[in-house]
Amino acid sequence: MIRLSGVAKSFGGAAAVDGVDLEIGEGEIFCLLGPSGCGKTTLLRLIGGFEAPDAGTVELDGKDVTQVPPWARPVNTVFQSYALFPHLDVARNVRFGLETLDMTDAERDARVAEMLALVKLGDFAKRRPSQLSGGQRQRVAIARALARHPRVLLLDEPLSALDRKLREETRLELVELQARLGIAFVFVTHDQDEAMAISDRVGVMEKGKIIQIATPTDLYERPASKFVAEFVGRVNLIPRDEGGWFVLRPEKLSLFQGPHKGRVRECQYLGERRLVFLDTQFGTLTASAAGDAPIPANGAEIAFGWAENAGSVITR
Amino acid sequence: MSASWAARARTGFVAPVFLWLGLTVAAPLALVFAVSLGESTQGAPPFEWSLTLSNYALVFSDTLYIGAFANAARIAATSTAICLLIGYPMAYAIARAPENKRGFLLFLVILPFWTSFLIRVYAWMSLLRPTGLINSALQSVGLASEPLELIANEFAVHLGIVYAYLPFMVLPLYSTLERIEASLVEAAHDLGATPARAFWRVTFPLSLPGVAAGCLLVFIPATGEFVIPDLLGGPDTPMIGRVMWLEFFQNRDWPVACAIATLLAAALALPIVIADRLRAKAR
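Chains as they are written, first to last, in my numbering: chain A, 1 to 316; chain B, 1 to 283.
Looking at chain A on its own, in the form it has when it is part of the complex (with noise of 0.2 angstroms):
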């Protein structure tokens, strides 16, 4: 669907996005995920047209879309602020990308209606953006987006101007709106919860490349280097002998026993789990036990240690 082959940008000097290569299939979520200034904005942008590669070609269905503007091509983007047309009404924003296609009127209408339905929006035809909710722009921004029925759709921090609650909420529907579509979603975002939650398969970046491409449990079970593994969820580095880390999980540390002894740091409860810090030979490890789980005493001296097969081994 998407083929990005050795993609170069650098801005006064400075590579934004290093030789990227990949490949994003049909109706996938797939998500580039880092932390700002790595370039993933960057890449979304190569993708719709807004920036021209310096080296490289990308390519949509097969064809070589290297040179075509962004009005040309068939991917429509969600803006990280929505970029909603401010002096127009809701209908007339998600009616803008329909003018310039082979259409009637009414066809255009039908489409709009259909769209503000799929969105649940019908009643805020004749608003303005300024008299909506951010959740609501956001949602006339996708319709927008959608109303061209686009072979891929790009989102560029789609939920990063929510609060907490609707985020959650919008990714599930974020997630069936895609299955019902069958359309490519291509995220950014810097959340790694965001991007585990929804994602088909994860392209963790970091200065300008992809250092790897893997399904979330991948990504979480098995990441690539030690930038993976502390850029994604909770992690305890064990230095090995031969030189790498031994990538822990801290549900993976079993608490009580095992061949190691640490004293209890602190203990933090977070409802359905808790967070137990214990000093060890390794340096501080975290452990992450059910809630209701024993509860050692800070300043005790227990045993801990892990399965030999509960986690992985990197050497970056």
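You may find that some hints are simply not true.
As the list claims (entries may be wrong) - Partial selection, computed: residues in chain A whose CB lies under 7 angstroms from chain B:
#  : residue
1  : Phe50
2  : Pro70
3  : Asn76
4  : Thr77
5  : Phe79
6  : Ala83
7  : His87
8  : Gly97
9  : Thr100
10 : Tyr220
11 : Tyr269
Unchecked claim - Covered stretches of chain B (in silico footprint by chain A; criterion: 3 or more residues with CB under 8 angstroms from a CB of chain A, positions within the stretch not fixed):
#  : segment
12 : 185 to 191
13 : 199 to 209
Hints are computed from structural coordinates only; laboratory data are not their basis.
Yeah, the Cβ is synthetic: ideal placement off N, Cα and C, and Gly gets one too.
Put chain B on the given structure of chain A with help from the hints.
Relative to chain A, chain B alone:
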């Protein structure tokens, strides 16, 4: 407590403004209106207080005055349109220029203000007159056999007004264009709009408040303009500002001059009110 402090501070800051406006705008306007109801006499000052509308009747019945109003409005309108056509691309280019260059470009726009307005209009006289720089250059290279009529006509008045008021068009246009988020234009491109379509459907409608402000800032002073028609214009198309000046200083008919001034102020308040209504409606 803090609210009352804020309110008191506000009164403290705003009161001098109102005092200033009262002394320099409201009081003189009231005086001008009062004189416009007076009667012209020989003497100093050359009028007597009265309550007659005969000066207004004269202004409305004499085609000289009506014509001068119409000329002024027409010339100001075409000059405003030309300013818009030149100023919009300028403002757009500055707003889209790299951020570190915008300051310098804006500086170039306001640079003419460093020289007195009057001197700049005189400079145009010396450029445009039959023995001026442009005509002697054209003749010396053989492009014209005799001097072109570049001055003492409407062309020169338009030129002078466009030249003098262009910055007042560019600056408000720039400030609205600069605030339009680049992502809106990108969204238009994303939705299938070519650059031309994105401009007319997104950028231009969003810049209309700047267009309105720029047009008011050019049209209003251009309508009452006196210096430019006096120095660059001809006798065929008198503008109301110049007619008013003649009434006042040459005919020494202060009441008629004041009636013209009152009517001009009232007429120019109209576009401001209309623009304000449109803005309130757009919100």
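Now the hints, each set against the structure:
no.: 1; hint: Phe50; result: holds (6 angstroms)
no.: 2; hint: Pro70; result: holds (4 angstroms)
no.: 3; hint: Asn76; result: holds (6 angstroms)
no.: 4; hint: Thr77; result: holds (5 angstroms)
no.: 5; hint: Phe79; result: holds (5 angstroms)
no.: 6; hint: Ala83; result: holds (4 angstroms)
no.: 7; hint: His87; result: holds (5 angstroms)
no.: 8; hint: Gly97; result: holds (3 angstroms)
no.: 9; hint: Thr100; result: holds (4 angstroms)
no.: 10; hint: Tyr220; result: violated (33 angstroms)
no.: 11; hint: Tyr269; result: violated (40 angstroms)
no.: 12; hint: 185 to 191; result: holds (count 6)
no.: 13; hint: 199 to 209; result: holds (count 4)
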